[in-house]
Amino acid sequence: MSDTQWQIFEVFHQQVRGEPHVYVGSVHAPDPEAALILAKEQYGRRQASVSLWVVPEDAITATSYEDVDMFDHGTDKSYRESFGYETTKRIKSIVADRTESRGEA
Amino acid sequence: MVRVSPTRGGQPGLRGDKPGDPGYEENLAAFESRVSRGDKVEPGDWMPDAYRQQLIRLIHVHANSEICGALPEGGWIPNAPSLKRKLALIAKVQDEVGHAQLLYRAAETLGKSREEMIEELISGKAKYSNVFHYHAETWADVATISWLIDAGAIVNQTMMAEGSYGPYARALKRICYEEAFHLTHGYDMCITLATGTKLQHDMLQDAVNRWWKPIMMFHGPGDKVSRHTDLLMRWRVKMKTNDEQRQQFLKQYMPKIYQLGLTVPDEWEMRFDEVEGVWRYREPDWDEFLHVVRGNGPASALRLRTRKMAHEDGAWVRRALQSAAGQSAVGESVAGAG
Numbered sequence: 317m318s319d320t321q322w323q324i325f326e327v328f329h330q331q332v333r334g335e336p337h338v339y340v341g342s343v344h345a346p347d348p349e350a351a352l353i354l355a356k357e358q359y360g361r362r363q364a365s366v367s368l369w370v371v372p373e374d375a376i377t378a379t380s381y382e383d384v385d386m387f388d389h390g391t392d393k394s395y396r397e398s399f400g401y402e403t404t405k406r407i408k409s410i411v412a413d414r415t416e417s418r419g420e421a
Numbered sequence: 049m050v051r052v053s054p055t056r057g058g059q060p061g062l063r064g065d066k067p068g069d070p071g072y073e074e075n076l077a078a079f080e081s082r083v084s085r086g087d088k089v090e091p092g093d094w095m096p097d098a099y100r101q102q103l104i105r106l107i108h109v110h111a112n113s114e115i116c117g118a119l120p121e122g123g124w125i126p127n128a129p130s131l132k133r134k135l136a137l138i139a140k141v142q143d144e145v146g147h148a149q150l151l152y153r154a155a156e157t158l159g160k161s162r163e164e165m166i167e168e169l170i171s172g173k174a175k176y177s178n179v180f181h182y183h184a185e186t187w188a189d190v191a192t193i194s195w196l197i198d199a200g201a202i203v204n205q206t207m208m209a210e211g212s213y214g215p216y217a218r219a220l221k222r223i224c225y226e227e228a229f230h231l232t233h234g235y236d237m238c239i240t241l242a243t244g245t246k247l248q249h250d251m252l253q254d255a256v257n258r259w260w261k262p263i264m265m266f267h268g269p270g271d272k273v274s275r276h277t278d279l280l281m282r283w284r285v286k287m288k289t290n291d292e293q294r295q296q297f298l299k300q301y302m303p304k305i306y307q308l309g310l311t312v313p314d315e316w317e318m319r320f321d322e323v324e325g326v327w328r329y330r331e332p333d334w335d336e337f338l339h340v341v342r343g344n345g346p347a348s349a350l351r352l353r354t355r356k357m358a359h360e361d362g363a364w365v366r367r368a369l370q371s372a373a374g375q376s377a378v379g380e381s382v383a384g385a386g
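Protein chains in written order, with my numbering: chain A, 317 to 421; chain B, 49 to 386.
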C-alpha cells in the first residue's frame with residue numbers, strides 16, 4: 317500500500333481580508349486542488365477564514381538557521397530606525413529655550 | 049547557505065548525532081544550551097539521534113492515540129441520544145482524526161514517513177494510549193471519555209506544547225484549542241447524566257468505576273518505573289514527569305467528580321494528603337499497563353480490525369483522488385524523507 321504518501325503542500329491561511337496569509341502547517345495531497353480541500357478541512361474548519369494558499373513543499377527555498385551571519389548587523393544601523401532619532405528630546409529643548417528667552421525679555 | 053524545504057528534516061544518522069561520532073560532544077553541548085534557554089528546535093537543525101528517535105516514538109504514539117481515540121466514540125454516533133449530541137460527537141471525532149494528521153506530519157519532519165507510521169499502527173507494531181484498549185460500553189462511557197480522558201490529555205498536551213521541538217509544539221497548540229471544546233462538551237454530558245434520573249446517575253457512576261483504572265494509568269508509569277523521563281526532561285521533550293501530570297489531573301478533577309455526587313472505587317484508596325498537598329492512591333499495576341498497551345486489552349483486537357477496515361474501505365477515495373490528479377508515481381517528492 318503506497319497510496320497514503322502523497323506530496324506535501326504547505327498551507328497559508330488568511331483570517332480576514334487585509335491581514336497577511338500566515339503559515340499554519342501542511343497537508344499531503346495528490347494535487348493542489350485536493351490540497352486546498354484538505355487544507356480547508358484541517359485549517360479552515362473552526363477559525364474565521366477568507367483565503368487559503370497551498371504551495372508544494374519543494375517550491376520553497378529557505379535560509380538555514382545555522383546561517384546566523386546573514387542576519388547579523390555588522391555595524392550600527394540605528395540610522396534606519398525611528399528609535400535612532402531624538403526628535404522629542406530636541407524639540408522639547410528648543411521649546412524650553414524659547415520660553416526662557418521670552419521670560420527674560 | 050540556502051536550503052530547500054524548511055519543513056523537511058535532516059537525514060538521520062548522517063551528521064555525527066550519536067555518542068562517539070566525531071563532534072558529537074561539541075554539538076550536544078550547543079544543543080543542550082540552546083534547549084535550556086527555551087529555544088525551539090526545527091527540522092533541519094542538528095539534534096542528537098536519541099532526541100530524534102524519542103520524539104518520533106512519542107509523536108507517533110500520540111498520533112495513533114488520536115486515531116484510536118476516535119473509534120470508541122465514533123461507534124456511538126448512530127446511538128447518540130439527541131441531534132445536538134450527535135452533531136457535537138461527529139465534530140469531536142473529526143477533530144481527533146484531524147489531530148492525527150497534524151501529528152503524523154510533525155513526526156514526519158523527523159524522518160519517518162507517514163505511510164510507515166500508518167502501516168505500523170495497522171500491523172499492531174506501534175503503540176497507542178492505554179485508554180483506547182477498553183470498550184465504550186454505554187453512552188455514559190462516551191461522556192466519561194470525553195470529560196475525564198480529554199482532561200487528562202489536556203494536562204499532558206498543554207505541557208508538551210511548551211516543549212523544545214517546534215513542529216510538535218505548534219501542532220499541540222492547535223490541538224489544545226480544539227480539545228477545550230471536547231472537554232466542555234464531555235463535562236456537559238456528565239452534568240446531564242449526574243443530575244438526571246437515578247438510572248442516568250447510576251449509569252455514569254458505573255462508567256467512572258470501570259474507567260478509573262485506565263484513567264489512573266493514562267499518564268504512564270510512575271516516576272520510579274518510567275525509564276525515559278530524565279533525558280526527556282533535560283531535552284525539554286517533556287516538561288513534567290508522569291506522576292506530576294497525574295497529580296495535576298487529580299487536583300483539578302477529583303473535586304469536580306465529587307461535586308457531581310460521584311465517587312471513585314474504594315480499592316484505589318484515594319485521599320488528599322493535606323500536609324503534603326498531594327493525592328495519595330494505590331499505585332497502579334504497571335505490568336498490567338504494559339500488557340494492555342502491547343495489544344492485550346479487552347478492545348485491542350477490535351480497534352485494529354476497525355482501523356484496518358477503515359483504511360481498506362477508504363482506498364477507493366485515495367485512488368479516485370490520485371487518478372483525478374493524473375499522477376502515475378505516488379509520493380515521488382517525499383521518497384527521500386523516509
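Everything labelled a hint here was simulated from the structure, so no lab data went into it.
Do not take every clue at face value.
Stated by the list, open to error - Facing chain B, a subset of chain A residues (Cβ under 8 Å, in silico):
no. : residue
1   : GLN330
2   : GLN331
3   : SER342
4   : ASP347
5   : PHE387
6   : HIS389
Source: prediction; values computed, not measured.
Here a beta-carbon is modelled for each residue, glycine too, at the ideal position from N, C-alpha and C.
So, going through the hints one by one against the coordinates:
no. : hint   : result
1   : GLN330 : violated, 17 Å
2   : GLN331 : violated, 14 Å
3   : SER342 : holds, 6 Å
4   : ASP347 : holds, 4 Å
5   : PHE387 : violated, 12 Å
6   : HIS389 : violated, 18 Å
Consistency with the previously given hints fails for numbers 1, 2, 5, 6, ordered from lowest to highest.
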